[in-house]
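Engineer: Listed below, chain by chain, are the residues.
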Amino acid sequence: MSSCGKITSVAGTVIKAETVKPVANYEVARVGRERLLGEVIRIDGNVADIQVYEEIDGIHVGEPVEFTGELLGIDLGPGLLGSVLDGIGRPLSGITDNSKGSIFLERGFLARSLDPLKKWVFTPAKKAKDPVYPGDIIGFVREGTGFLHQVMAPPGVKAGPVSTILPEGAEVMVDETVCILENGPEIGLCQRWNVRTPRPFREKLPFNEPLITGQRVLDTMYPVALGGAAVVPGGFGTGKTVTQQSLAKWCNAEMVVYIGCGERGNEMTEVLEEFPHIIDPHTGRTLMERMVLIANTSNMPVAAREASIYLGMTIAEYFRDMGLNVALMADSTSRWAEALREISGRLGEMPGEEGYPAYLGSRLAQYYERAGRVRTIGVPDRKGSITIFNAVSPGGGDFSEPVTQASLRLSGAFWALDKRLAESRHFPSINWKRSYSLYEKALQPFFRENLGDEWKEGASFLKALLDRESELLSLVQIVGRDALSEQDKWDLEMGEIIRIGFLQQNAFDPLDSFNTPKKQMLFTRTLRELHSTVSEGIGKGVLHHNVQPLDLLRGVLILRKSGEENFPGDASAWLTKVRRSLADMEEPCR
Amino acid sequence: MKLYREGSRLVKGISGPLIFVGNARNAALGEIVEIQTERDSRMGQVLQVDGDICAIQVLEGTLGLNPGSCTIWFERDVLKVRLGQALMGQTLNGRGLPRDGRPMACYEKEVPITGSPLNPSMRESPNEFVETGISSIDLLNTLVRGQKLPIFSGSGLPADEIAAQIVRQAHVPGNPEKFLVVFAAIGITEREARFFRDSFEETGALFNGVFIVNLASDSAVERLLAPRTALSIAEFFAFEKGYDVLVVMTDMLHYSEALREVSSAREEAPGRRGFPGYLYSDLAGLYERAGCIRGVKGSITQIPIVSMPGDDMTHPVVDLSGYITEGQVVLERGLQARGVYPPINVLSSLSRLMNKGIGEGRTFPGHRQVADQLFASYARSREVARLRLIVGDEGLTEKEKHYLEFGSVFEKEFLNQGDRARNIEESLFEALNALSVLPDEELYRIPSDLLEEIRRSRADVK
Ligand SMILES: Nc1ncnc2c1ncn2[C@@H]1O[C@H](COP(=O)(O)OP(=O)(O)O)[C@@H](O)[C@H]1O
Ligand SMILES: [Mg+2]
Numbered sequence: 001m002s003s004c005g006k007i008t009s010v011a012g013t014v015i016k017a018e019t020v021k022p023v024a025n026y027e028v029a030r031v032g033r034e035r036l037l038g039e040v041i042r043i044d045g046n047v048a049d050i051q052v053y054e055e056i057d058g059i060h061v062g063e064p065v066e067f068t069g070e071l072l073g074i075d076l077g078p079g080l081l082g083s084v085l086d087g088i089g090r091p092l093s094g095i096t097d098n099s100k101g102s103i104f105l106e107r108g109f110l111a112r113s114l115d116p117l118k119k120w121v122f123t124p125a126k127k128a129k130d131p132v133y134p135g136d137i138i139g140f141v142r143e144g145t146g147f148l149h150q151v152m153a154p155p156g157v158k159a160g161p162v163s164t165i166l167p168e169g170a171e172v173m174v175d176e177t178v179c180i181l182e183n184g185p186e187i188g189l190c191q192r193w194n195v196r197t198p199r200p201f202r203e204k205l206p207f208n209e210p211l212i213t214g215q216r217v218l219d220t221m222y223p224v225a226l227g228g229a230a231v232v233p234g235g236f237g238t239g240k241t242v243t244q245q246s247l248a249k250w251c252n253a254e255m256v257v258y259i260g261c262g263e264r265g266n267e268m269t270e271v272l273e274e275f276p277h278i279i280d281p282h283t284g285r286t287l288m289e290r291m292v293l294i295a296n297t298s299n300m301p302v303a304a305r306e307a308s309i310y311l312g313m314t315i316a317e318y319f320r321d322m323g324l325n326v327a328l329m330a331d332s333t334s335r336w337a338e339a340l341r342e343i344s345g346r347l348g349e350m351p352g353e354e355g356y357p358a359y360l361g362s363r364l365a366q367y368y369e370r371a372g373r374v375r376t377i378g379v380p381d382r383k384g385s386i387t388i389f390n391a392v393s394p395g396g397g398d399f400s401e402p403v404t405q406a407s408l409r410l411s412g413a414f415w416a417l418d419k420r421l422a423e424s425r426h427f428p429s430i431n432w433k434r435s436y437s438l439y440e441k442a443l444q445p446f447f448r449e450n451l452g453d454e455w456k457e458g459a460s461f462l463k464a465l466l467d468r469e470s471e472l473l474s475l476v477q478i479v480g481r482d483a484l485s486e487q488d489k490w491d492l493e494m495g496e497i498i499r500i501g502f503l504q505q506n507a508f509d510p511l512d513s514f515n516t517p518k519k520q521m522l523f524t525r526t527l528r529e530l531h532s533t534v535s536e537g538i539g540k541g542v543l544h545h546n547v548q549p550l551d552l553l554r555g556v557l558i559l560r561k562s563g564e565e566n567f568p569g570d571a572s573a574w575l576t577k578v579r580r581s582l583a584d585m586e587e588p589c590r
Numbered sequence: 001m002k003l004y005r006e007g008s009r010l011v012k013g014i015s016g017p018l019i020f021v022g023n024a025r026n027a028a029l030g031e032i033v034e035i036q037t038e039r040d041s042r043m044g045q046v047l048q049v050d051g052d053i054c055a056i057q058v059l060e061g062t063l064g065l066n067p068g069s070c071t072i073w074f075e076r077d078v079l080k081v082r083l084g085q086a087l088m089g090q091t092l093n094g095r096g097l098p099r100d101g102r103p104m105a106c107y108e109k110e111v112p113i114t115g116s117p118l119n120p121s122m123r124e125s126p127n128e129f130v131e132t133g134i135s136s137i138d139l140l141n142t143l144v145r146g147q148k149l150p151i152f153s154g155s156g157l158p159a160d161e162i163a164a165q166i167v168r169q170a171h172v173p174g175n176p177e178k179f180l181v182v183f184a185a186i187g188i189t190e191r192e193a194r195f196f197r198d199s200f201e202e203t204g205a206l207f208n209g210v211f212i213v214n215l216a217s218d219s220a221v222e223r224l225l226a227p228r229t230a231l232s233i234a235e236f237f238a239f240e241k242g243y244d245v246l247v248v249m250t251d252m253l254h255y256s257e258a259l260r261e262v263s264s265a266r267e268e269a270p271g272r273r274g275f276p277g278y279l280y281s282d283l284a285g286l287y288e289r290a291g292c293i294r295g296v297k298g299s300i301t302q303i304p305i306v307s308m309p310g311d312d313m314t315h316p317v318v319d320l321s322g323y324i325t326e327g328q329v330v331l332e333r334g335l336q337a338r339g340v341y342p343p344i345n346v347l348s349s350l351s352r353l354m355n356k357g358i359g360e361g362r363t364f365p366g367h368r369q370v371a372d373q374l375f376a377s378y379a380r381s382r383e384v385a386r387l388r389l390i391v392g393d394e395g396l397t398e399k400e401k402h403y404l405e406f407g408s409v410f411e412k413e414f415l416n417q418g419d420r421a422r423n424i425e426e427s428l429f430e431a432l433n434a435l436s437v438l439p440d441e442e443l444y445r446i447p448s449d450l451l452e453e454i455r456r457s458r459a460d461v462k
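So the sequences go chain by chain: A and B. Mapping the first sequence onto my numbering, position 293 (from 1) lands on 293, and the numbers just tick up by one. Mapping the second sequence onto my numbering, position 401 (from 1) lands on 401, and the numbers just tick up by one.
Hints were generated in silico from the structure; no laboratory data involved. Keep in mind that this is a model prediction, so the values were computed, not measured. A hint or two may mislead.
Cβ pair distances, simulated, as ranges [stated by the list, open to error]:
#, chain 1, residue 1, chain 2, residue 2, range
1, B, D419, A, P276, 56 to 66 Å
2, A, L473, B, Q90, 37 to 47 Å
3, B, E405, A, E274, 52 to 62 Å
4, A, R528, B, P447, 54 to 64 Å
5, A, S102, B, D419, 42 to 52 Å
6, B, S41, A, E274, 33 to 43 Å
7, B, E360, A, Q444, 17 to 27 Å
8, B, F364, A, T68, 55 to 65 Å
9, A, L347, B, V111, 28 to 38 Å
10, A, Y26, B, F364, 38 to 48 Å
11, A, H545, B, E405, 13 to 23 Å
No residue lacks a Cβ here, since even glycine has one placed at the ideal position from N, Cα and C.
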């Protein structure tokens, strides 16, 4: 299957090689004497352009190239959980022992994503004679402290009845066979899949349920659906990474695939240091045990950055096929697009807008298309989903650039981060005027069923008051604050309380970093009551001036740290206190 | 001395700092070549090989090169820098040679100056407070050991002074014997270089440091090597000798301009403002060479200086630097005009690693809350100041007037510390003093014990 060639030109991350036999587009190549990994990305007669996934300093013209006859693939199977892979699926640290990595990255090394020697305890789900179709669950192994890793018949396997299957309790390694079908196929613990090919599913399902992020401004105002896609664009320092990390920590997905795509090494470290020590409230296991981390940091080779998002997507699809809800985040899409641009430039392709290749939009679409809520293939019947959260880093913070615009067209929720908010340390710096969610409508039945009509009313109340505040603020620009009516002054203050108390959420405060939807609803309920209570008082003649010393904002900031159970009690106690103070002020007016 | 070298006399063309050479069948990417002319010998580096033609960037520039009369010798090696304890106290040129041009004889090892990417899973989060003595950094945009924190500065703003002040005042936790400054002058003027040398001489950092100097008048190609040389040296001292290394690199704008010059000579498609599309990856290859490693004693802290042409923070070099580094210290002309030194705009500045280095046991309990309060209040005071320009004093409420006063105390007393160092307690004292101008209900982020302290200081004043 493999064939040879010879390097004829070297520049940056792309080399040209003369081929002897025909090669396939996207075929994996081993380049030079050091056998660096690469992938054919263009063929012209007997010359192949190859993008190389490693640093290519020191490579000579004339060195050999081996074409492997295979496409870029990844082994999917037990052992993926909690691992850290580079952009093409090589583990960056020992699979079980994180201290085994080397300080500096070596090149040309070939390592499998899964530990081939680790033994797993198998439990069958099929017995002899049972028919097996692609996607069927034929058993499971227990991974980590309790994750049930389903062993699935790979897509494309030739269906047939089980001839033999390993018994309960059998110890298997990933390369061993667990089940043989009468018509021949052997099914192993792990399956290989080409990262650029979407894994099949039975049908796409409509959006009907939110992915809960635990972030008040997101869930209450701009929710994202399970299987949907949210884009988080923002200039540097606006909070893209913190937002994504918060979601990786607190969202209610059953699996998280986090792609560090062209960003900082220390941010990967942060995840590796923190996540093993945080217990996921949904599964009771550590966060690391519902996570796969893919790291192609900004100083790692650019071509592997291009591949990293397909790798992440493939892993996400594999877990989706088990019937899980997977959250997939890439930080940042822009770095991926820049890798594409750099490679395209090296190929001498005609540049499109801002130098990006003309196919930027279609490549991005292929990626977003792989998300969604689906019915998987195989039995038992399963539903799984992939929800995308992609950061975008527009140059100069200007959202009109091609990557932001293309991402916007492909996603349903737009969480616009705002430099000015970030500068005044309003976090998450989500701009409540520019952001939107197209999922709101589809999700309303879910919210109504679970939390009643109040959910929607709460969101409308917040939006209305924020609108009112910005109207009033433009008025203040003309006449000054003193010229406003007492009610308007109070509305202005209420706007501030909503912004600072509700919209702001401190990712680093354990008492604030995550709110359940129930608590979010209780919170908006309290804010509505506060607003009407004070408005009533003002109607009865209380001056806004006298409301200020009630320290309402401080009260809200303290209240928001109450847990879901205590919240209603704490809130009503506090509101009673506020009411009493207001009543005292009303007295002298009568 | 090598006995046999392959050579070529076929120089096909010269463009900017590049020469194009034929007959280069075995050239390797990044390979070093010697360019021998009748008069001198220069050094070059292979950038690109296509068939038997290669593009070579000439470190000394191509001035006076005559295609007819030079020979290109291929050295079969990539560019390396010699490392050893003997570097301490030395001044080197951009490619790591002592200024007399002769390679250091006594050295421990030689490494390629491009370095290798650090394995992200072997890093350790930087988390130790470095006291710089500058309130606006220590209290609001805290520097930690192993961080990369650039200074963004418009022309004429005192970035150099602030960098020198940090070198002078910084208390890095750990053994002071094992503290080392690596300074890379990248395309700066003789005057600026002298300023740093004098300042370091005063504090002894010169003795305990390594100076890499590429002046504006030196070769632009060598400018591309200077930060790499500096960082290779820093990595050696940090990760092999256990030093806490502070790397000051100035000016990353000049570096990027040299990159642009070479890129345009290669006729690559230009990106924003003519900079090549790979500027991000290229800068990241430098900035990411900072940090701490698990199980290794030393560390690299980087303070690059990035000039902002026209005070424009969206300039690609500034913008991309901000995207890569772990925060930024931004200087503001308005503050300078109001006589504030150091004129650090605390709102546009950021330290992304601050949370890891502050709080109980590191700085003081409640540090985060005090910082958040100062940010919120100062942002508000600047808004009110803008509003005042429109509606005048009469249009302002009592509360808004408090904010104006707070803004003024904050700038004149808290920020404007001059070049005297303040320890963290003094910085906190100044901060609480400024906050005491505001009524209690505006200090909604301040924890109760500190609020008590503010109330007491108000009473004292009365
Ligand atoms: N939700 C949040 N709560 C508290 N601080 C935040 C929050 N989001 C962002 N920040 C602050 O902003 C800084 C920059 O955020 P980051 O996510 O790294 O920005 P970006 O990825 O957009 O460059 C962080 O270091 C942190 O101090
Ligand atoms: Mg980020």
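Engineer: Please go over all the hints and tell whether each is borne out by the structure.
Structural biologist: Going through the hints against the structure:
1. D419/B - P276/A: 56 to 66 Å: violated, 45 Å
2. L473/A - Q90/B: 37 to 47 Å: Once the Cβ atoms are compared, 59 Å apart, the range 37 to 47 Å for Q90/B and L473/A is violated.
3. E405/B - E274/A: 52 to 62 Å: violated, 41 Å
4. R528/A - P447/B: 54 to 64 Å: Cβ of R528/A to Cβ of P447/B: about 29 Å, so the range 54 to 64 Å is violated.
5. S102/A - D419/B: 42 to 52 Å: The hinted range 42 to 52 Å holds for S102/A and D419/B, with Cβ atoms some 44 Å apart.
6. S41/B - E274/A: 33 to 43 Å: violated, 54 Å
7. E360/B - Q444/A: 17 to 27 Å: The hinted range 17 to 27 Å is violated for E360/B and Q444/A, with Cβ atoms some 45 Å apart.
8. F364/B - T68/A: 55 to 65 Å: Hint holds: Cβ distance 59 Å, inside 55 to 65 Å.
9. L347/A - V111/B: 28 to 38 Å: holds, 32 Å
10. Y26/A - F364/B: 38 to 48 Å: violated, 57 Å
11. H545/A - E405/B: 13 to 23 Å: 19 Å Cβ-Cβ, so the 13 to 23 Å window holds.
Hints 1, 2, 3, 4, 6, 7 and 10, counting from the list given before, are not met by this structure.
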